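First residue of the sequence shown? That's 1 in this note's numbering, and the numbers climb one at a time after it.
Everything labelled a hint here was simulated from the structure, so no lab data went into it. Be careful, since some hints might not be right.
[What the hints assert, rightly or not] Ranges of calculated distance between the beta carbons of each label pair, as one might list FRET restraints: (1) Glu-168 to Ile-448: 39 to 47 angstroms; (2) Gln-233 to Ile-415: 20 to 28 angstroms; (3) Gly-479 to Arg-228: 46 to 54 angstroms.
[To be verified] Straight-line C-alpha distance at most 25 angstroms; calculated BS3-like pairs for lysine-lysine: (4) Lys-112 to Lys-148; (5) Lys-148 to Lys-126; (6) Lys-283 to Lys-147; (7) Lys-148 to Lys-283; (8) Lys-44 to Lys-126; (9) Lys-147 to Lys-112; (10) Lys-112 to Lys-283; (11) Lys-301 to Lys-327; (12) Lys-126 to Lys-147.
Note that the coordinates shown come from a computational prediction; the quantities given were computed from them, not determined experimentally. Quick reminder that beta carbons are idealized off the backbone N, C-alpha and C, glycines included.
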Amino acid sequence: MGMKHRVIAVLVLAVMVCAVIAGSRLEMTGASEELTGLSLFERKESIYFWYSDESLADFINSAAVAFGEAHNVRVIPQLVSESEYIEAINQATLHSEQMPDAYLVSHDSLEKAYLAGLASEVADEKGICNEDHFSRGALSAVTYHDKKVAYPFYFDTTALVYNRTYLEMWLQQQATNTGAEQEEVEITDEAADPDETAGEGEADDTGEEVPDEEALAMEKERIEALLRTGIPQTIDDILYIANTFAVPEGVEGIMKWAVSDILYNYWIVGNYMIVGGDAGDRKTDIDISNEQTIECLEIYKALNQYFYIEAGEVTYDSAIQDFIDGKLVFTIATTDVVQRLENARASGEMAYEYGVVTMPEISDTLSSRSVSVTNTVAVNGYSRHRELADQFAAFLTGEYSENLYARTGKIASCINANPVDAYLNPFLEEYADSIPLPKMIATSNLWIQMEVLFSRVWNGEEVAELLEQLSRQIQTQLGVAAG
1 MGMKHRVIAV LVLAVMVCAV IAGSRLEMTG ASEELTGLSL FERKESIYFW
51 YSDESLADFI NSAAVAFGEA HNVRVIPQLV SESEYIEAIN QATLHSEQMP
101 DAYLVSHDSL EKAYLAGLAS EVADEKGICN EDHFSRGALS AVTYHDKKVA
151 YPFYFDTTAL VYNRTYLEMW LQQQATNTGA EQEEVEITDE AADPDETAGE
201 GEADDTGEEV PDEEALAMEK ERIEALLRTG IPQTIDDILY IANTFAVPEG
251 VEGIMKWAVS DILYNYWIVG NYMIVGGDAG DRKTDIDISN EQTIECLEIY
301 KALNQYFYIE AGEVTYDSAI QDFIDGKLVF TIATTDVVQR LENARASGEM
351 AYEYGVVTMP EISDTLSSRS VSVTNTVAVN GYSRHRELAD QFAAFLTGEY
401 SENLYARTGK IASCINANPV DAYLNPFLEE YADSIPLPKM IATSNLWIQM
451 EVLFSRVWNG EEVAELLEQL SRQIQTQLGV AAG
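Using the sequences and the hints, build the whole thing.
As structure tokens, then:
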């Protein structure tokens, strides 16, 4: 046999040996061509995506298929327990070949994830992490020390839900009484410090109080605006309705909400109580005990005299059920309420029309601001496929999120992804100006601390003292000097 033929024979033998070895490995691992539909030379790159909310399973699986087909890759979603979630991601990253390349995580865990290297600054090759695609509230949620370390996906925040049927009834009552002599209703006595009550002024030389004409004019204008639509713009408007509404039989109260849950109370102080700044990541940006926060909480405390609610007995679910049953005119709800009320109307369980609006202001001079929680998609800093994982994260939270609400009932953070809907728009508006829950590890117990604070205020304890205690405690946790 000539040298040329010997060389060819050796090459053929080598190829056959490699094929046998490769075939054996495929058989041992079960990754045969029959199971994967791929030949040895056509293996696709794979990334793993972790999430913990089972209600997202169908949506994420379909997104994985769509992205995989478009980019000729495999996206492998894995539903895992939410218990010790970040630690589980860390352990898988250290010890598993199938580490999550990207994952769903609440924004308030981003500092912990970023400092551990489990979240990295997003590449944002599509250029979507900006105000053309996401609101200020969404971008603040994923910002850590001026870096975008995740993509906003969907959110939760609060809005005011009202019984439209009852408000129309109240407006008719007011129209009927037009022209009749009305006893003036003092609507701020119970909800504000007496010194701040609209219409009060300084005493003259005779000791008689001189009305504040400007305040009286503002009060009249506000009430006239309320009477045009019935939609309350301030807490005082709600109290005015409470004082003037001859409620129909079956109504147990003008307003009820879950006063024991900080998510439904934070709007009272959100505009003035600063913990970490807008992004919730600056330990030196702390301002808890200030004049405006004290005023807001004094108004909140006074509400217990109007809407006496046993904190331990009223839950979010019970308040929404009372609203469905027509027992309330107003309640405070989160984003899930729209589907729940629509289902109740469709089934005949709810016989009333309803509406949703942004949270009312605290007063004519004090603004409200709701807290928000954003679920985000982070890219693992240790991933061997970071570029691909980042592309999938942007795809999931951007263009593909237009299917999110229809398929899951969750409202996407992406501005243009949601249907134009009168019930959803107030939540989007509230979210845009919301304050994200702080993401600092040292303030991870703030939620519990705030619930304790509001509970004690609701039960009549001294506001200024409670705020000072909380301020000292937070500053101690953060290791900063008291201001």
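Discussion item. Check the hint pairing Lys-301 with Lys-327 against an upper bound of 25 angstroms on the C-alpha distance.
Written reply: Within the cut-off at roughly 23 angstroms; holds.
Practice prompt. Mind checking the hinted window 20 to 28 angstroms against the Cβ distance between Gln-233 and Ile-415?
Written response: holds (25 angstroms)
Practice prompt. Check the following: the C-beta atoms of Gly-479 and Arg-228 are separated by a distance inside 46 to 54 angstroms.
Written response: Holds, since Gly-479 and Arg-228 (Cβ atoms, about 52 angstroms apart) stay within the stated range.
Discussion item. So if I understand the rule, the pair passes when the alpha-carbon distance is 25 angstroms or less; does Lys-44 with Lys-126 pass?
Written reply: holds (23 angstroms)
Discussion item. Does Lys-147 sit within 25 angstroms of Lys-283, going by the straight-line distance between their CA atoms?
Written reply: holds (16 angstroms)
Practice prompt. Mind checking the alpha carbons of Lys-147 and Lys-112 for me, to see if they're no more than 25 angstroms apart?
Written response: holds (14 angstroms)
Discussion item. Against the 25 angstroms threshold, does the CA-CA distance of Lys-112 and Lys-283 hold or violate the hint?
Written reply: holds (14 angstroms)
Worksheet item: Within 25 angstroms, alpha carbon to alpha carbon, are Lys-112 and Lys-148?
Response: Holds, because 14 angstroms separates the two Cα atoms, which is no more than 25 angstroms.
Worksheet item: Measuring from beta carbon to beta carbon, are Glu-168 and Ile-448 in 39 to 47 angstroms?
Response: holds (41 angstroms)
Item to complete: Verify the proposed pairing of Lys-148 with Lys-126, using a straight-line Cα cut of 25 angstroms.
Response: holds (14 angstroms)
Practice prompt. Quickly compare the C-alpha distance for Lys-148 and Lys-283 to 25 angstroms and report which way the hint goes.
Written response: holds (18 angstroms)
Discussion item. What's the verdict on Lys-126 and Lys-147, does the C-alpha distance respect the 25 angstroms limit or exceed it?
Written reply: Satisfied, since the Cα-Cα distance of roughly 16 angstroms is no more than 25 angstroms.
The earlier numbered hints are all upheld by this structure, with none contradicted.
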